[in-house]
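Sequential numbering from 3 applies to the sequence shown in our numbering.
In short, the hints are calculated from the structure, not lab data. Watch out, some of these pointers could steer you wrong.
[To be verified] Heads up, simulated SDA-like pairs for lysine to any residue below, C-alpha to C-alpha not over 20 Å straight-line:
hint, residue 1, residue 2
1, K10, A159
2, K8, G37
3, K10, E223
4, K107, N162
5, K10, A253
6, K10, Y239
7, K8, G143
8, K107, R160
9, K8, P198
10, K10, A142
11, K212, F197
12, K8, V173
13, K212, P227
14, K10, G226
15, K212, D222
16, K212, L231
17, K10, S238
18, K212, A253
19, K8, N174
20, K212, E224
21, K212, A159
22, K8, K212
23, K8, G144
24, K8, R160
[Stated by the list, open to error] So the derived label-pair ranges between C-beta atoms look like this:
hint, residue 1, residue 2, range
25, S83, G144, 35 to 41 Å
26, L56, R118, 31 to 37 Å
27, G144, A244, 16 to 22 Å
Glycine residues also receive a C-beta, built at the ideal position from the N, C-alpha and C atoms.
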Amino acid sequence: MSVLDKLKLNGKVAVVTGAGRGLGRAMALALAGAGADLVLTARTEAQLMETADLVRDGGGAALWISCDVTDSSSVNTMIESAISEYGHIDILVNNAGGATAGMGKTLTDIADDEWRVGLDTNLTGAMHCSRAAIPHILEAGGGKIINVTSGFGFRAARDNFIYTSAKAGLVNFTRALAMTYAPDIQANLIAPGLFPHGNAAMSEFWRNGKYTPMGRLGEDEELGPLVVLLASGLTSYMNGQAIVLDGGGLAGGHAPTGFAPLVPLPEDS
């Protein structure tokens, strides 16, 4: 079997959260392109339907299910529906999240509800989905869990308490999964940088990515192959690791400030 053959995911079922748009959609389409059958989840039905149509237009199979990952009962229902449709789950991509709660606030200005929402969305949701899916992944003979963190999971930023805390927690949550469920399940992380369909305001702050060493935003075709690689048999010995895909921003800092700005940078003179 060739290396390229080992990237094929035919016969595998992948659950992708936050699949209605942006990075989640890009990863779902890449997995479908590699042959996986898809379970697409998010809260916005119209966006899920669009992603499902794109998968089917490419010849793939897709089941879309509206789901709130912060609600464990909603997650359990989603997983049960996936099993009812396909009979098994092999791959889980925990992508749902968001950086808006409490962003730009000092700690003393953050309300309890903002803290709770931020952690529920970016950390607890991944726990809910992993907890519900793992028994089925094990029953299928093992598989992969891919969690989506951020550079903020490794380096904090000024007035960014909630998101950095949640994404850092997701890193060690993934490592605990890796240690606990090996050798049957390999759990790894992707830490994407700035991609064009991320948070629109943050993209504006970064002046379209020119302050990263690569001088631009990332593109879907640069993310898709990575999730396929982590979902495939080629990474069966990779476990508990994080791959940063950010154009070198985390490696050397983002010029000219060295940290992620939370207010627009001044226009170039």
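Open item on the list: Can you confirm whether the C-alpha distance between K8 and P198 stays at or below 20 Å?
Closed with: Status violated; Cα separation ~30 Å.
Q: Compare the distance between the alpha carbons of K10 and A253 with 20 Å, and conclude whether the hinted pair is satisfied.
A: Measuring from Cα to Cα gives roughly 31 Å; hence the hint is violated.
Report task. Assess, step by step, whether the Cα of K107 is no farther than 20 Å from the Cα of R160, and give holds or violated. Result -> holds, 9 Å
Restraint status (C-alpha distance of K8 to G143 at most 20 Å) = holds, 17 Å
Holds or violated: K212 to L231, with C-alpha atoms at most 20 Å apart: It is violated: about 28 Å lies between the C-alpha atoms, which goes past 20 Å.
Subject >> Pair hint K10 and A159, alpha-carbon separation not exceeding 20 Å >> reply: violated, 39 Å
task: Compare the distance between the alpha carbons of K107 and N162 with 20 Å, and conclude whether the hinted pair is satisfied.
output: holds, 7 Å
Compare the distance between the alpha carbons of K10 and A142 with 20 Å, and conclude whether the hinted pair is satisfied.
Status holds; Cα separation ~17 Å.
Mind checking the alpha carbons of K8 and V173 for me, to see if they're no more than 20 Å apart?
-> Given that 20 Å is the threshold and the Cα spacing comes to 27 Å, the pair is violated.
- Outcome for the supplied range 35 to 41 Å, where the beta carbon pair is S83 and G144: violated, 22 Å
Item checked: Distance restraint between K10 and S238, which requires alpha-carbon spacing of 20 Å or less -> Since the Cα atoms of K10 and S238 sit roughly 14 Å apart, the hinted pair holds (cutoff 20 Å).
(message) Checking one constraint from the list: CA of K8 to CA of G144, max 20 Å. Satisfied?
(response) Satisfied, since the Cα-Cα distance of roughly 16 Å is no more than 20 Å.
Violated hints, in rising order: 1, 5, 9, 12, 13, 16, 19, 22, 24 and 25; the structure is consistent with all others.
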